[in-house]
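*Asks:* Protein chains in written order, with the working numbering: chain A, 683 to 843; chain B, 576 to 613.
The hints are simulated quantities; they were obtained by calculation from the structure and are not laboratory data. Treat the hints with care, since some could be wrong.
One side only, chain B facing chain A, incomplete, derived with CB under 7 Å [claimed, not checked]:
1) 592
2) 593
3) 597
Computed cross-link-like contacts, BS3-like style, restricted to lysine-lysine with a CA-CA straight-line distance of at most 30 Å [stated by the list, open to error]:
4) 837/A x 589/B
5) 594/B x 827/A
6) 709/A x 589/B
7) 594/B x 839/A
8) 731/A x 747/A
9) 611/B x 825/A
10) 753/A x 790/A
11) 611/B x 837/A
12) 594/B x 790/A
13) 825/A x 790/A
14) 594/B x 718/A
15) 803/A x 611/B
16) 731/A x 803/A
17) 595/B x 831/A
18) 611/B x 839/A
19) 747/A x 827/A
20) 709/A x 839/A
21) 595/B x 747/A
22) 753/A x 825/A
23) 839/A x 803/A
24) 803/A x 595/B
25) 747/A x 611/B
26) 595/B x 731/A
27) 790/A x 611/B
28) 753/A x 589/B
29) 595/B x 790/A
30) 611/B x 753/A
31) 594/B x 709/A
32) 747/A x 709/A
33) 731/A x 827/A
34) 611/B x 831/A
35) 803/A x 825/A
36) 827/A x 611/B
37) 831/A x 594/B
38) 825/A x 594/B
39) 753/A x 718/A
40) 803/A x 594/B
Since the structure is predicted, the reported quantities are computational estimates derived from the model, not experimental observations. Ideal Cβ positions, reconstructed from N, Cα and C, are used throughout, including at glycine.
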Amino acid sequence: METCTTSEDVAVLYEETFPAVASFVSKMGGSPEDAKDIFHDALIILFEKEGGLENPAAYIVGIAKHLWVRKFKHDKNRVDLDETIQIPEEENFPIIARLVRLVELAGKSCLDLLQAFYYEKRSAESIADEFNYSNAHSATVQKHKCLQKIRSFCKNKIPRL
Amino acid sequence: MKASLNDIVMLIVKYYGRKKLRSRLEVIHQNLFGDKTP
Numbered sequence: 683m684e685t686c687t688t689s690e691d692v693a694v695l696y697e698e699t700f701p702a703v704a705s706f707v708s709k710m711g712g713s714p715e716d717a718k719d720i721f722h723d724a725l726i727i728l729f730e731k732e733g734g735l736e737n738p739a740a741y742i743v744g745i746a747k748h749l750w751v752r753k754f755k756h757d758k759n760r761v762d763l764d765e766t767i768q769i770p771e772e773e774n775f776p777i778i779a780r781l782v783r784l785v786e787l788a789g790k791s792c793l794d795l796l797q798a799f800y801y802e803k804r805s806a807e808s809i810a811d812e813f814n815y816s817n818a819h820s821a822t823v824q825k826h827k828c829l830q831k832i833r834s835f836c837k838n839k840i841p842r843l
Numbered sequence: 576m577k578a579s580l581n582d583i584v585m586l587i588v589k590y591y592g593r594k595k596l597r598s599r600l601e602v603i604h605q606n607l608f609g610d611k612t613p
């Protein structure tokens, strides 16, 4: 999430880039809802990408076009595509999706903390500020407790899933 | 290949992160465009 971290940054990037993707998807026969779904997938790929980019807007448009063509690959007669880009489709892992719901019920605050550390890759200082810990060390200690809590939770739940 | 407990916890965190991000993007979309196509 190093490319753009604040809601304002994301909103600016969204406003600048979505119209190009919507126009492309519309020309290809897709609906506004299709355009939004493809665009969100492309943004997720951008946010999960390691390292910065000089032109994130161009990257998103390129990825969105790529995802669209791949989604409708069978209609496009074998278009050669980069298969290394993973489409973020959570529904492909129903057990994990179910575990996420169970862990959310059991300890949402821990999930919020862990996703700030590991998904958003934010610093311990900024996490301590947001989650009201006295300092970065306290936030890190809490992170370890949360990891332990979720590990134990999963250990108990997984045999029953 | 069997995933370790740590791998599973990290997958849970990743999917939860995506879920939160998708909700955030949905809110941004509604604020910027509502139901209109740009």
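*Asks:* It remains to establish, for every hint, whether it holds in the given structure.
*Replies:* For each hint, the structure was consulted:
1. 592: holds (3 Å)
2. 593: holds (6 Å)
3. 597: holds (6 Å)
4. 837/A x 589/B: holds (18 Å)
5. 594/B x 827/A: OK: residue 594/B and residue 827/A at ~23 Å, within 30 Å.
6. 709/A x 589/B: Violated, at roughly 33 Å.
7. 594/B x 839/A: holds (21 Å)
8. 731/A x 747/A: holds (17 Å)
9. 611/B x 825/A: At roughly 41 Å apart (the allowed maximum being 30 Å), residue 825/A and residue 611/B break the hint.
10. 753/A x 790/A: The hint is violated at about 33 Å.
11. 611/B x 837/A: Distance of about 46 Å is beyond 30 Å: violated.
12. 594/B x 790/A: Satisfied, since the Cα-Cα distance of roughly 13 Å is no more than 30 Å.
13. 825/A x 790/A: Status holds; Cα separation ~13 Å.
14. 594/B x 718/A: holds (15 Å)
15. 803/A x 611/B: Between residue 803/A and residue 611/B the Cα gap is close to 33 Å, so the pair fails against 30 Å, i.e. violated.
16. 731/A x 803/A: Roughly 11 Å separates the two Cα atoms, so the pair holds.
17. 595/B x 831/A: Roughly 21 Å between the alpha carbons, so the hint for residue 595/B and residue 831/A holds.
18. 611/B x 839/A: violated (43 Å)
19. 747/A x 827/A: violated (42 Å)
20. 709/A x 839/A: violated (47 Å)
21. 595/B x 747/A: Given pair residue 595/B, residue 747/A holds - Cα atoms ~24 Å apart, limit 30 Å.
22. 753/A x 825/A: violated (38 Å)
23. 839/A x 803/A: Holds: residue 839/A and residue 803/A sit about 27 Å apart, inside 30 Å.
24. 803/A x 595/B: Holds - the C-alpha atoms of residue 595/B and residue 803/A are around 14 Å apart, at most 30 Å.
25. 747/A x 611/B: holds (21 Å)
26. 595/B x 731/A: holds (17 Å)
27. 790/A x 611/B: Violated, because 34 Å separates the two Cα atoms, which is more than 30 Å.
28. 753/A x 589/B: holds (23 Å)
29. 595/B x 790/A: holds (12 Å)
30. 611/B x 753/A: Given pair residue 611/B, residue 753/A holds - Cα atoms ~24 Å apart, limit 30 Å.
31. 594/B x 709/A: holds (29 Å)
32. 747/A x 709/A: Within the cut-off at roughly 11 Å; holds.
33. 731/A x 827/A: At roughly 28 Å apart (the allowed maximum being 30 Å), residue 827/A and residue 731/A satisfy the hint.
34. 611/B x 831/A: violated (44 Å)
35. 803/A x 825/A: holds (13 Å)
36. 827/A x 611/B: Violated - the C-alpha atoms of residue 611/B and residue 827/A are around 45 Å apart, more than 30 Å.
37. 831/A x 594/B: Measuring from Cα to Cα gives roughly 21 Å; hence the hint holds.
38. 825/A x 594/B: Holds, because 20 Å separates the two Cα atoms, which is no more than 30 Å.
39. 753/A x 718/A: Holds, because 14 Å separates the two Cα atoms, which is no more than 30 Å.
40. 803/A x 594/B: Distance of about 16 Å is within 30 Å: holds.
Checked against the numbered hints above, the structure violates hints 6, 9, 10, 11, 15, 18, 19, 20, 22, 27, 34 and 36; every other hint is satisfied.
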